[in-house]
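Trainee: Sequence:
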Amino acid sequence: FCSAPRASEELESRGVLLVLEAARRKPEVHFDLLFRPWSSGYTSLGATRKTMDEGANGNVEIRNEVVADMPAVYARNDFTVIPFTTRDGGKECPNSAVESLACGVPVLVSTACPFARFVEENACGVTFDPNPEGLLEAVQKGLASWPLYSAAARQTAEQHFDRAKLFAFYNALYQQAQSIEARRPPCFA
Numbered sequence: 162f163c164s165a166p167r168a169s170e171e172l173e174s175r176g177v178l179l180v181l182e183a184a185r186r187k188p189e190v191h192f193d194l195l196f197r198p199w200s201s202g203y204t205s206l207g208a209t210r211k212t213m214d215e216g217a218n219g220n221v222e223i224r225n226e227v228v229a230d231m232p233a234v235y236a237r238n239d240f241t242v243i244p245f246t247t248r249d250g251g252k253e254c255p256n257s258a259v260e261s262l263a264c265g266v267p268v269l270v271s272t273a274c275p276f277a278r279f280v281e282e283n284a285c286g287v288t289f290d291p292n293p294e295g296l297l298e299a300v301q302k303g304l305a306s307w308p309l310y311s312a313a314a315r316q317t318a319e320q321h322f323d324r325a326k327l328f329a330f331y332n333a334l335y336q337q338a339q340s341i342e343a344r345r346p347p348c349f350a
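By our numbering, the letter at position 103 of the sequence shown is numbered 264, and the numbering carries on one by one without gaps.
There could be a bad hint or two in this list.
[To be verified] The calculated lysine-lysine pairs, modelled on BS3-like cross-linking and capped at a C-alpha distance of 30 Å, are:
hint, residue 1, residue 2
1, Lys252, Lys187
2, Lys252, Lys211
3, Lys252, Lys302
4, Lys211, Lys187
5, Lys326, Lys252
6, Lys187, Lys302
[As the list claims (entries may be wrong)] Computed Cβ-Cβ distance ranges for the label pairs, DEER-style:
hint, residue 1, residue 2, range
7, Arg210, Gln336, 49 to 55 Å
8, Thr272, Glu170, 18 to 24 Å
9, Pro232, Arg344, 44 to 50 Å
10, Lys211, Thr272, 24 to 30 Å
11, Ser200, Asn256, 18 to 24 Å
12, Pro308, Glu281, 17 to 23 Å
13, Ala229, Ala312, 23 to 29 Å
14, Gln337, Pro308, 38 to 44 Å
Hint data in this document are derived by calculation from the structure and do not stem from the laboratory. Computed from a predicted structure; not experimentally measured. Glycine included, each C-beta is placed from N, C-alpha and C at the ideal position.
Based on the sequences and whatever the hints tell you, model everything.
Mentor: This is the structure we're talking about:
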């Protein structure tokens, strides 16, 4: 599974072209691309379909919808792929990666994504060089140890992204800021 960018100008940097080329090279691997309809109508869907038509990727499923039950999407897939080809290809910590980990689904993350280091440190997925060969090697490596990566994915989510811990952290930060503000002398202009 991987989510698709809003703009066709992002197809390269967000890794959609990389995923489509990997799919073309390995037809037995299924890829699920999720697009979302935008009210402005601006989307990369048409450009992606055109690229697919040129390469005949029968192992790529494209959906263009708002999904109410994302955990079900993650559960249908072995991995969530974050295939950025440039460091600024997307969010430093993509929501889909965090949600995937929470569902016990490991991630395959390009080394161009800053989140790759976190994935390596927590062994909750596989990192890969941002090219089709790297992605396909990551799929093989991930499948070979999938139960271990899956367990680490859920454990990592609980350890680093637990809602109660997050709220407690922000509450402590807020209390600290209030304390500093209360001790600050008045400022006169």
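Trainee: Which earlier hints turn out false for this structure, listed by number in ascending order?
Mentor: none
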